[in-house]
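Let the hints inform the model, and build the full structure from the sequences given.
Respectively, the protein sequence lines represent chains A and B.
Residue numbers are given in UniProt numbering: position 399 of the first sequence equals residue 399, and the series is strictly consecutive.
Residue numbers are given in UniProt numbering: position 125 of the second sequence equals residue 125, and the series is strictly consecutive.
Treat the hints with caution; some may be incorrect.
Which copy is meant is left open, so a pair is good if it fits within one copy or across any two.
What the hints assert, rightly or not - Calculated lysine-lysine pairs in the DSS-like style (CA-CA distance at most 30 Å, straight line): (1) K6 x K125; (2) K125 x K16; (3) K287 x K125; (4) K16 x K131; (5) K431 x K131; (6) K131 x K248; (7) K248 x K198; (8) K6 x K16.
It is worth saying that the hints were derived from the structure and are not from the lab.
There are 2 protein chains.
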Amino acid sequence: MSAQVKYTLDETQIPKDWYNIVADLPSPPPTVLHPGTKQPVGPSDLEPLFPMELILQEVATERAIEIPEPVRDIFRLWRPSPLIRARRLEKLLDTPAKIYFKYEGVSPAGSHKPNSAVPQAWFNKQAGTKKLTTETGAGQWGSSLAFAGSLFDIDVTVYQVRCSYDQKPYRRALMETYGARCVSSPSTETESGRAALKENPDTPGSLGIAISEAVEVAAKNPDVKYALGSVLNHVMLHQTIIGQEAIKQFELAGDDPDVIIACAGGGSNFAGLAFPFLGLQLRGGRKRRVIAVEPAACPSLSRGKYAYDYGDTAHLTPLMKMHTLGSTFIPPGFHSGGLRYHGMGPLVSHVYELGLIEARACEQIACFEAGVQFARAEGIVPAPESTHAVRCAIDEALRCKAEGKAETICFNLSGHGHFDMGAYINYFAGKLVDVHYDAGELAMALSLLPAVAAE
Amino acid sequence: MSAQVKYTLDETQIPKDWYNIVADLPSPPPTVLHPGTKQPVGPSDLEPLFPMELILQEVATERAIEIPEPVRDIFRLWRPSPLIRARRLEKLLDTPAKIYFKYEGVSPAGSHKPNSAVPQAWFNKQAGTKKLTTETGAGQWGSSLAFAGSLFDIDVTVYQVRCSYDQKPYRRALMETYGARCVSSPSTETESGRAALKENPDTPGSLGIAISEAVEVAAKNPDVKYALGSVLNHVMLHQTIIGQEAIKQFELAGDDPDVIIACAGGGSNFAGLAFPFLGLQLRGGRKRRVIAVEPAACPSLSRGKYAYDYGDTAHLTPLMKMHTLGSTFIPPGFHSGGLRYHGMGPLVSHVYELGLIEARACEQIACFEAGVQFARAEGIVPAPESTHAVRCAIDEALRCKAEGKAETICFNLSGHGHFDMGAYINYFAGKLVDVHYDAGELAMALSLLPAVAAE
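And the structure:
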């Protein structure tokens, strides 16, 4: 009963460098292409959108990139985040498996997203940026960038996917409390938004459309830069502090995970936990199972095509090679807005192609069942996105039980669900259904993928 | 820039005992009286409501009471809570003062309340209790007892003050996620509730009425016990782990607070931080200023009478000597539901009468201004109740600036405001007003205080 459950590090143990998995991969990820010329982009092509330091991180090949001290200083507010042994859940499942979770909900915005929002805001500040635009689905990223903007006195405008904007007034209020401006997307403020509204005035919006709006504003205004909360290499890089801390915490615990699990939309919380462990393996360490969990309604790794595609709906972003459902694919509405994206981050797609990780798709209701089971055992109500990782961890623990194996499972609890209780209300009211995409629409979107000679 | 901001303890440093200030006070607090006979109550009088272990804690005189190991085991999920130096806020205020806050929002329910909910549920479980009733104003206590009930498999019914029930569906959803049943109070389920509805069908409810309902159900059903989230001695006792941890953390920081601040409704988060420091003083240590911050709309310490009064509206509870606005006083509606109570905990009232602490009343708008300023500087959005402590801490830091004094200020950030963003929405929309009680109603309520010969 009284065995240790929480493995904490003191703030001197916040990682001093980000870990860049590119340095350890057997082959580099495919290059990014210019949307017009379809030739490889150079750093200068990205300058309208990002400060040069972030562009250099995007294409970096060195293993370790130093975290600036002012960024670590802000991380001290909530990092290192705890690694917690879910002993009550283990007991409830009557499994011989040991279940640990890394809890990122302790950040001010309630998720892992500030791990990248803070350095992005800081590098922008150093480059003289006064205004940032971004998009948000669930609201986790938007509120994190709003928080980071307030610390560095940068104006932040967030294009929030309409169905999220309407369903989650509290998320919007959080962004406004941090001083950001929130706009329902598609909006009438941009060409991309007006085009989307013209095509379908009743659209629930999508991350793809919201990205188009935010990118458009930055591209057209020299004093505005853009920030993205997932997908890109530098975001994956920033999140690797999660896995680096977890490795130290497992040493403290005298344990070592056999299975590593995280939900994956664009892939950043997944990469954050998984890449440092994969790095150990790539440098000669033992092999672990690493599972990316997707929503069945938007399964880019499991059902998408590995191909060059745009990151947004209006085709303003560079072309990235990734697992994609097609940039014209509008995922059906479901309660994990952070996982409602047509593509998967290029680095995550690349390690999937290399056979280093597995993918699994889960249905919505089964995820909420797992979320409630977890909340009643461990006290923390997971964000809808994070329930995908919980579902998979419970399923793996039950497999261990069936097989009589005492494996060690570690999952990333990427955020709490305090702003998502509307989804839990629907779940308890029996109003939640398992949402599926239209196979014809998916086929159509995949048929519209851009032709790229380089492939 | 890079000086330490967060003082963490490892889980072995969770206090092993609760601290009972009664052992160190120059005089004992006045005894509690039976509501019928108006004679001192004995332990057996309280048995219909509470398990004997909690009753013994209520009247305990020893300084240290051991925390059961299974309770400490659950505390490990989030304790010790961090002590954080608010360096960005200091800089923003340009004050020579040092500002620290103890952050209790890291608990699964988002406030300090689980510190008492968990031991109350545990002692009930040991005594064989299968069902618990309670009341909740802001929802912090109700969700904490729901959480604790889920851990020990106890059915929990929460009478939630109607205006809170209507305004905060997410709080209700959180309680239901933990498996509790939530009832809008006044309800038709109890005599007390029906009487209140008969008197005023449109009543917003009050903690006093909700307590009556929960107590009535426990008193009438032998298999049901009652749990209270503040006011009583054993609740103050449970919360003292906050101040005990803070004392150790100030040793780590090489600092020592000159001013200690917490908001006070029933008084439990205030007592939790303040009593261990007062204990040092009572045992010969130095004197510190200790400030209890109340809402101007419900200022029991500042404007109430120190007299015997009931804890509830229907007069089912014992009579306690406390600073009270009168048990028939219905506080006006404002956004800090946790501070909307007619009385102050007897132990807090007693130390106020002994001159050991100060009281200060703050207006609602000024509190939200402070809350937003704090959120933009330190990232954490405070619960409306906690903004009262933030307001006072900022005012003290500005006083230090005016006086050129480098004092050390410590306040209790008792909870986060993620479930209270509706209040922030009103604040930003300019819809928030400073609420005042009706002086005539207060005078009437005070004139109706029960006559007690013992006074």
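Comparing the hints with the structure gives:
no.: 1; hint: K6 x K125; verdict: between (36 Å within a copy, 25 Å between copies)
no.: 2; hint: K125 x K16; verdict: within (20 Å within a copy, 46 Å between copies)
no.: 3; hint: K287 x K125; verdict: neither (40 Å within a copy, 45 Å between copies)
no.: 4; hint: K16 x K131; verdict: within (28 Å within a copy, 50 Å between copies)
no.: 5; hint: K431 x K131; verdict: between (41 Å within a copy, 29 Å between copies)
no.: 6; hint: K131 x K248; verdict: neither (37 Å within a copy, 42 Å between copies)
no.: 7; hint: K248 x K198; verdict: neither (52 Å within a copy, 62 Å between copies)
no.: 8; hint: K6 x K16; verdict: both (23 Å within a copy, 17 Å between copies)
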